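Chemist: Here's the letter readout for the chains.
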Amino acid sequence: MSTFTQVTPRVSQKSRAEKLRTIRKIWPWFFLLAMVLVFMVLSKKINNVNFISSRSVQGILVYATQILLIGMAETIIIISGNGGIDLSVHYTLGLSAVISAFIMRALYAANVSPILTIGIGFLGGILICIIPGSVNGWLVSKLKVPPFIATLGMGYVVYGLALVRAKGIQIAEQPPYLGPIGNGSILYYWPSHGVSFFKVPADALPADLAHITPILPNVVLIAMVVAVVIWFILAKTQFGQHIYAIGGNIQAATRAGIPVASTLTRAYILAAVLGGIAGVLWASRFTSGAANAAETGLLMAVAAVVIGGTSMFGGEGTIVGTVIGALIIATIQYGLVVLGMQPYWQYVAVGVVVIVAVIVDQLGRNMEH
Amino acid sequence: MKTILRAVNLTKHFGGLIAVDNVSLDVNAGEVIGLVGDNGAGKSTFIKMISGVYQPDSGEIYFDDQKVTFANPRNARDLGIETIYQDLALAENLDVGANIFLGREIKRRYLGGLINTLDRRKMTNESTGALQRLDIEIPSLFQQVRNLSGGQRQSVAIARSIYWNARVMIMDEPTAALGVSEQRKVLGLVRTLADQGVPVIIISHNMQDVFAVADRIVILRRGRKVGEETAAKTQPDKIVSLMVGAEAVHEMGVIPKELDSNGAKTAS
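Protein sequence lines correspond, in order, to chains A and B.
Each residue of the first sequence is one higher than the one before, starting from 1 at the first, in the numbering used here.
Each residue of the second sequence is one higher than the one before, starting from 1 at the first, in the numbering used here.
Every clue listed holds true.
Restraint ranges, calculated between C-beta atoms of paired labels, are given here:
hint : chain 1 : residue 1 : chain 2 : residue 2 : range
1    : B       : N116      : A       : V225      : 18 to 28 Å
2    : B       : G179      : A       : P259      : 36 to 46 Å
3    : B       : Q86       : A       : I52       : 54 to 64 Å
4    : A       : N366      : B       : L111      : 43 to 53 Å
5    : A       : L37       : B       : T128      : 43 to 53 Å
6    : B       : D78       : A       : Y177      : 57 to 67 Å
7    : B       : T117      : A       : P176      : 37 to 47 Å
8    : B       : Q86       : A       : L37       : 46 to 56 Å
9    : B       : D87       : A       : L299      : 29 to 39 Å
10   : B       : L111      : A       : Q362      : 37 to 47 Å
11   : A       : V225      : B       : D78       : 37 to 47 Å
12   : A       : I215      : B       : D135      : 58 to 68 Å
13   : B       : T128      : A       : W29       : 27 to 37 Å
14   : B       : Q86       : A       : L339      : 50 to 60 Å
Derived from the structure by calculation, the hints contain no laboratory data.
Because the structure is a prediction, the values reported are computed rather than measured.
For every residue, glycine included, the Cβ atom is placed at its ideal position computed from N, Cα and C.
When you get a sec, could you build the whole thing from the sequences and use the hints?
Modeler: Shown next as structure tokens:
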């Protein structure tokens, strides 16, 4: 007996749904492209400069790193659904920056070797974030505190503690080799002398610097590696699959024997650790640590996640989408600077883009069903 | 016919209320049992005792002629007693294969188990096999379950239970939310299951469904088993009157016979 044979009309309708879903998935790419084209035209017309250059592309990538790192944390938590959002990641970023700056300052003052100073400093800053991440996860999964409230409260606790530890000021007096990590590039290309790794060639004079092109900033490479790892975790592992399942139907996940509480706790820890990574990168870029390092970073990151197609209802979203979302926001931020506009316009532009993104997303969804 | 599950004199109280009173039921390989009764007749409570959700106050359950007790639903499921509730427990954002393997995903090990990835291809292949064994056709296994019809979703839930070696299938109102043609398909699937040796207990309010698919009909009323009929040898009218109690009342001689049909109508 053949049970589902007379569904032909439905089949065509469903494949249309699949097509729409594909369109919905790739539209952020078109949006990014459109954004770049708009800035290319405008910057040529207004300032007569080329928007596309190795310098501007790398500038955009650097802008995008912090948005991406916090954005990936939000992507994981928002996919886990049931009102999931982490309003504390930007403060764990600050905590990580402060703690790592303290450690590095102390080790440098004690004449510890550079490798150990950086290694222990970075690791300390990142690992400390496991604590607020675990508390978030425990509050949400065991005590059933709504994520919005749990992470809002935890965010302020972390922020306050970081401020107390830093006595409200920036932690400067960092080792001199810290800045080159956060601001340097993997390669330096000097047409007449070739390529050198990690630093400007020693024999280059100040006058030569204009001819030396840095290629691939360190922070961008680190963010790319982290993005690949997080993409792998979400798309390829059982842990990732369980996050999607919990976001889709938490009752079904529970009944199917998925360890919901421990999966959620691990998700919040992973989110906090991503904040921690962003924190040590911030410390190395600005050679200091500050509790308020990423004050506006959180909402920009959530905006990137939404633009990238992650559903605020949970269960749907991708790291690739968030990468594109982060690039779109960074392009807007960088583009406005190139056009010579006041940087405050970025908030207006990002706000408009987020709303447009959600409307397009909803239209797509409505057409699907 | 081999008896797989045997419930003997199960009783369950909730406070002063007797929800199920001395109900016995044999579930044999290859048969479909329709469990019917009005609201509050004790159908759900009875089902929940044989699926481990509730523990009976008295009575015994035998599985494969072994006496068993269930501390929780997991115990019952481990023996192969699968219950499909109306909400189906599917993750609608995931595809068919992911739902069949929900919580029991197949993994590939790398670096001696240091890194494990999902083996989606194997899960898809296994799912295809599970669906084929039940003659279920689904246009694409890579669709999100939310894009499937109600009947197809029901089929995915059934295929999942079967894949994980269901020995007895309990279905709560499987056709409630479906259109007419989908209802027929799901009932066909119930028949296929039974023919493959997995007995099905189906709870339904719908007499047509029950008569279309059940071999045996068990009628509960106010916690007691008031009838057990062979579907081929009985009439819907008779079942309904047993459900609402007209016949019982009538047998006691309180209501004259000619009021029987009227009484049944008002009560239903």
